[in-house]
Amino acid sequence: MLVTEIFARLHRFLKKRGLTVSAETLFQRIGGPFAVTLSGMVITFGLQVLLARILGVNVYGEYIYVLAWVGMLVMVGKFGLDTAALRFLPEYSARGEWNMLRGYVRRSPQLAFAFSCGAAAIFAASVGLLSHKLGPELTSVFLVGSILLPLNVYLIIQASFLQAFHRVALAQFPQVIFKPVLLGVSLIFIAVIMKIDLSASEVMWLTVIVTVFTIGIITRLVHQTLPSKAFSGPRDYQGFHWLRVAFPMLLIAGFNMLINQLDILMVGALLGPTEAGIYAVVARLTMLIPFGLIVVNSIVAPVISRLYAQGQMVELQRLLSKVAWGSLAFSGPVFLVVVFWREQVLAIFGEDFILGSESLVYLAFSRLLVAVSGASGYLLSMSGNQNAAAVILGTSAVINAVLNYVFIPSIGIVGAAIASLIATLIWCVSMITYGKMVVGVNGSIFSLPVRVK
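Every position in the sequence shown, counted from 1, becomes a number in the working numbering once 23 is added.
There's no promise every hint is true.
Said to hold, decoys possible - FRET-style restraints, in silico, Cβ to Cβ: (1) Ile449 x Trp364: 25 to 31 angstroms; (2) Gln247 x Leu70: 50 to 56 angstroms; (3) Val72 x Pro159: 39 to 45 angstroms; (4) Glu381 x Met460: 32 to 38 angstroms; (5) Gly151 x Arg329: 33 to 39 angstroms; (6) Lys156 x Ile449: 32 to 38 angstroms; (7) Ser433 x Gly69: 34 to 40 angstroms; (8) Arg329 x Val461: 38 to 44 angstroms; (9) Arg110 x Gly69: 18 to 24 angstroms; (10) Arg258 x Gly69: 29 to 35 angstroms; (11) Phe270 x Val360: 54 to 60 angstroms; (12) Ser251 x Lys156: 17 to 23 angstroms; (13) Val231 x Ser149: 15 to 21 angstroms.
Since the hints were made in silico from the structure, they are not lab data.
Note that the structure is a prediction, hence the values are computed from the model and not measured.
Ideal Cβ positions, reconstructed from N, Cα and C, are used throughout, including at glycine.
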């Protein structure tokens with residue numbers, strides 16, 4: 024099988040360079056997250072089809088448009104504390120600094136929850152001021168979405184604790200498997216079996232309830248999985264230090280989110296929720312294209328850091344070449360299927376969504392650019408050039424916003440897709456070029472592929 028061959032090749036490559044453990048451990052650390060992520064994508068795809076079919080393009084558009092706003096504000100609410108947990112918890116555990124670890128486990132959810140509640144309050148107040156423009160139903164959806172915001176933040180922070188202790192699959196399961204399955208089953212029972220028509224605000228309330236159940240599951244998993252020392256005993260706090268470290272991570276994650284979500288938000292603001300719903304379906308479909316790279320990047324990131332720190336630049340180039348070409352091998356066929364059968368795939372969601380077929384082509388090309396760029400973004404972050412990565416991402420996000428503002432009013436959702444393609448091209452070329460100039464290696468396919476025996 025392809026997945027088995029990928030694991031085998033990766034294991035041989037790392038073992039030859041003294042950078043890995045047993046094949047069994049490698050498969051446990053990689054295979055579980057890969058399986059959960061892949062299953063989650065399939066389940067999420069099915070849930071979106073179900074939502075689109077049950078709600079129709081207009082109501083679905085309202086729901087997904089508000090979710091996009093909530094997703095954007097989640098980045099602000101968690102303040103990078105989830106990513107910071109991946110640094111601090113392993114560090115404190117390795118050093119035996121359990122007082123600090125207990126302090127972070129206690130304080131980071133409190134800080135994130137406070138930030139997200141503040142963001143939710145401002146969000147709700149802004150919606151209230153704009154209610155005369157939004158209309159009663161969309162206003163109601165936004166207000167319920169503001170309740171969802173701190174819940175999602177708390178869920179993500181708890182998941183980061185599991186991930187920090189190398190329980191990646193367990194961290195992903197509640198969010199990418201349990202939550203969408205429970206929401207889908209609830210929708211089928213209410214809308215299909217009970218034959219009750221649902222509004223966007225009612226579906227948002229259902230999402231809130233499902234999220235509360237998911238928080239209960241992941242909180243229990245955290246307490247069962249983390250060492251008992253992580254909860255009982257005295258605590259030390261370094262809140263300002265934690266926030267200083269988390270802030271650059273917030274910027275990088277936020278700019279990434281802007282690049283991926285800003286077009287949906289601007290389509291909704293400039294054209295309306297219905298068009299945002301159509302565009303959101305197109306965006307989700309095209310995210311299947313770089314899926315292989317997303318999984319592999321999470322695997323090779325620490326290897327990139329170690330090779331760079333050891334000065335093994337030839338080996339680093341060999342690894343990056345394999346990642347980039349492997350990404351293209353996965354993304355290429357998906358790209359062809361999505362582009363050439365775009366109308367048939369979009370029709371699964373409903374006939375109205377076929378209107379997004381032209382924009383899908385441009386978005387698919389932008390995702391393919393990301394795939395062929397390989398681990399160029401991780402190369403900068405893992406080599407101490409994270410500030411440069413943040414500047415590149417921020418500049419690309421600003422360009423994306425300006426182009427969206429110019430193109431969307433004149434050519435609709437196609438304009439949003441073109442803006443995304445141009446911004447992604449600038450981002451990818453900048454990452455690749457800067458990596459080559461500063462680090463000395465090329466993270467894309469535009470370097471000679473190296474065959475590893």
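Violating hint indices (sorted, rising): Of the numbered hints given earlier, those the structure breaks are 2, 3, 5, 8, 9, 10, 11 and 12, listed in rising order.
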